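Once you have looked at the hints, place chain B on chain A.
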Amino acid sequence: MITTRNWILVAILLLLGAVPAAAAYFEQPFYLDLLRRVMIFAIAAVSLNLILGYGGMVSFGHAAYLGIGGYAVGILAHHGIHSGWLQWGLAIGASALVALAIGAISVRTSGIYFIMITLAFTQMLYYLGISIEEYGGDDGMRVPVRSQFSGLVDLNDGTQFYFLVLGILAASLFLVHRLVNSRFGMVLQAIRSNEARTRAIGFSPYPYRLATFVISGAMCGLAGALLVNHTAYLTPEFMNWTRSGELMFMVILGGIATSAGPLLGAAVLLLLEDVLQGWSLLPREAVRDHWQLYLGIFLVLVVLFARRGLAGLLPGKNE
Amino acid sequence: MNYILIAEQTLNGLQLGVMLFLLAAGLTLVFGIMNLVNLAHGALYMVGAYLTTWFYQATGSYLLAVVLGLAGTLAVGIVTELVALRTLYERDHLDQVLATFGLILIFNELIAIVWGRAALYSTIPDYLSGHVQLTDSLRYPLYRLVIIGVGLAVAVLLWFTVSRTRIGMLIRAGASNRAMVAALGVNIRLLYTIVFGVGAALAGLAGLLSGPIYAVQPGMGELILIQVFVVIVIGGIGSIRGAFAGALIVGMVDTMGRAFLKPTLATVLSPTAAETAGPALASMLIYLLMAAVLAFRPEGLFPSRGS
Chain A
1 MITTRNWILV
11 AILLLLGAVP
21 AAAAYFEQPF
31 YLDLLRRVMI
41 FAIAAVSLNL
51 ILGYGGMVSF
61 GHAAYLGIGG
71 YAVGILAHHG
81 IHSGWLQWGL
91 AIGASALVAL
101 AIGAISVRTS
111 GIYFIMITLA
121 FTQMLYYLGI
131 SIEEYGGDDG
141 MRVPVRSQFS
151 GLVDLNDGTQ
161 FYFLVLGILA
171 ASLFLVHRLV
181 NSRFGMVLQA
191 IRSNEARTRA
201 IGFSPYPYRL
211 ATFVISGAMC
221 GLAGALLVNH
231 TAYLTPEFMN
241 WTRSGELMFM
251 VILGGIATSA
261 GPLLGAAVLL
271 LLEDVLQGWS
281 LLPREAVRDH
291 WQLYLGIFLV
301 LVVLFARRGL
311 AGLLPGKNE
Chain B
1 MNYILIAEQT
11 LNGLQLGVML
21 FLLAAGLTLV
31 FGIMNLVNLA
41 HGALYMVGAY
51 LTTWFYQATG
61 SYLLAVVLGL
71 AGTLAVGIVT
81 ELVALRTLYE
91 RDHLDQVLAT
101 FGLILIFNEL
111 IAIVWGRAAL
121 YSTIPDYLSG
131 HVQLTDSLRY
141 PLYRLVIIGV
151 GLAVAVLLWF
161 TVSRTRIGML
171 IRAGASNRAM
181 VAALGVNIRL
191 LYTIVFGVGA
201 ALAGLAGLLS
211 GPIYAVQPGM
221 GELILIQVFV
231 VIVIGGIGSI
241 RGAFAGALIV
251 GMVDTMGRAF
261 LKPTLATVLS
271 PTAAETAGPA
281 LASMLIYLLM
291 AAVLAFRPEG
301 LFPSRGS
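Those sequence lines, one after another, are chains A and B. Each residue of the first sequence is one higher than the one before, counting from 1 in our numbering. Each residue of the second sequence is one higher than the one before, counting from 1 in our numbering.
Here chain A stands alone, though its shape is the one from the complex (with noise of 0.2 Å):
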């Protein structure tokens, strides 16, 4: 089942995996920060990409997993436990967990219900990150020391810490991919597209749609312990509703139920805000001060427009 498109994925991989000695080479440390934090996103995009692309279930809560995450990395560094293979074994466990609460609820209910509970659950859990004062409260807390792996990956080395994340990326997609082409990933396509029908034939779409939704979470929430790596900083707003927001409309901008769109919807749109914030050409008030302004009149047009996603213009077969 190897397409032009997974061809064109597997380049853009290997172009990302020659960023580092180019960055190197042209002295431009900044962007390999950059791409990190858009792969990052990028993996937290194709987790989401698996429930509301192949499993037609609209999370409007898919940061909080980034939170659970997240935080599961801050508290047990908070406590002295520095153990990477602990910490990231938490942010997957914890996350898998509140997946399956909030999805034994949520999964049961369908469209206009799903995306509200969702969003309410993790609204929820915002709200909690917020009163905790012992983990930094409203304000967050400064996670100065990295995940450590035995020396294994040194994380405080920023190629290495790239090619990590580069590596968990390819990793998150191949396991996407073979997820969706396989009996399991059959059913669920064969449930998004028509319940009654897939019921009809005899499979039950509940455990499919939990099980995904479960993988779905566990996936963000490893995402969520890289981005606390990244950033060295933990707060609430891992888990704010707005973040939810961008996850879903990266999903949409590089196009929904492909391979390549997540990746492609995360460096575009995160791209995009960096280029609106550090706009230094037009009149920075207007520009860089209400750049969420421009984020907005685009992603409305984006959505009323362009339904296929960037991926649909990329040649080959549209999947």
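Everything labelled a hint here was simulated from the structure, so no lab data went into it. The structure presented is a predicted model; accordingly, all values stated were derived computationally and were not measured. Among these hints, one or two may not hold up.
Unchecked claim - Covered, in the sense of this in silico footprint (three residues per stretch, anywhere, with C-beta under 8 Å from a C-beta of chain B), are these stretches of chain A:
1. 51 to 64
2. 107 to 116
3. 260 to 274
C-beta: ideal position from N, C-alpha, C; glycine also.
Relative to chain A, chain B alone:
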């Protein structure tokens, strides 16, 4: 426990409840009839608060400011419907959520461009300020009583309109089968615009009433919007009755939780544990309530259809 405090918090809960109802009524009608998920509803609440505060400062007359603020929000709502939302009725919920999310960003930034990011200071006229002596020992702010009164009056008016008038009949018919209503010669587009405008005006009313109590600042709409979602999910989407019941339940539970959870926990747990757990649990209470309701009644307390 102190009975005066309980009475006072009950009134506070009622006040929050009717405020949530004003927002929930518009949102649930728009969803029930147009099948539109409108995240930008909170933006209209913000517009109402800003316009009224600004008109009051400019004209000096509170009543005039209220009328102009409501008319302004109605106009903004109708323009938004005509320009952006109308094309979204036929789209799926995902598109609606994202496009209205974009509208929120646009509204927040436009407000910040016109009035700045700092919170506006919103006042009430002298004849609405001060306290009322309800019983020998209970004094309650007049303004909050006015909010409760206005909210209940709107609830009665809405109930009467929806269940007893011709336009209410059309609204109910449109909610159950819009193709049939259109086939019978009703201008369904106009009906949609009217319903959206009324919902916008109600959101504006909630905004202008809440201005003097909460902060008037960009983004004020989203915080309350998510609570309104909880109201609607608990009450049942598309049902005015459900919105009313849900709003009062959420208003009460939230207010009571914030007021009494910490002291109650302190009788069971150690003071420091109660100090930490109290506020955390209080802020999560309405979401836990929502989860509990959904576990037993996935369609909410008052499922729609001819509400």
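Coverage assertion for the stretch 260 to 274 of chain A with respect to chain B, Cβ distance below 8 Å, three residues required: violated (count 0)
Verdict on chain B covering the stretch 107 to 116 of chain A, criterion of 3 CB contacts below 8 Å: This one holds; 7 residues, not fewer than the three required, reach chain B with a Cβ under 8 Å.
Claimed coverage, the stretch 51 to 64 of chain A by chain B - three or more beta carbons nearer than 8 Å: holds (count 3)
Going through the hint list in order, the structure does not satisfy hint 3, though it satisfies all others.
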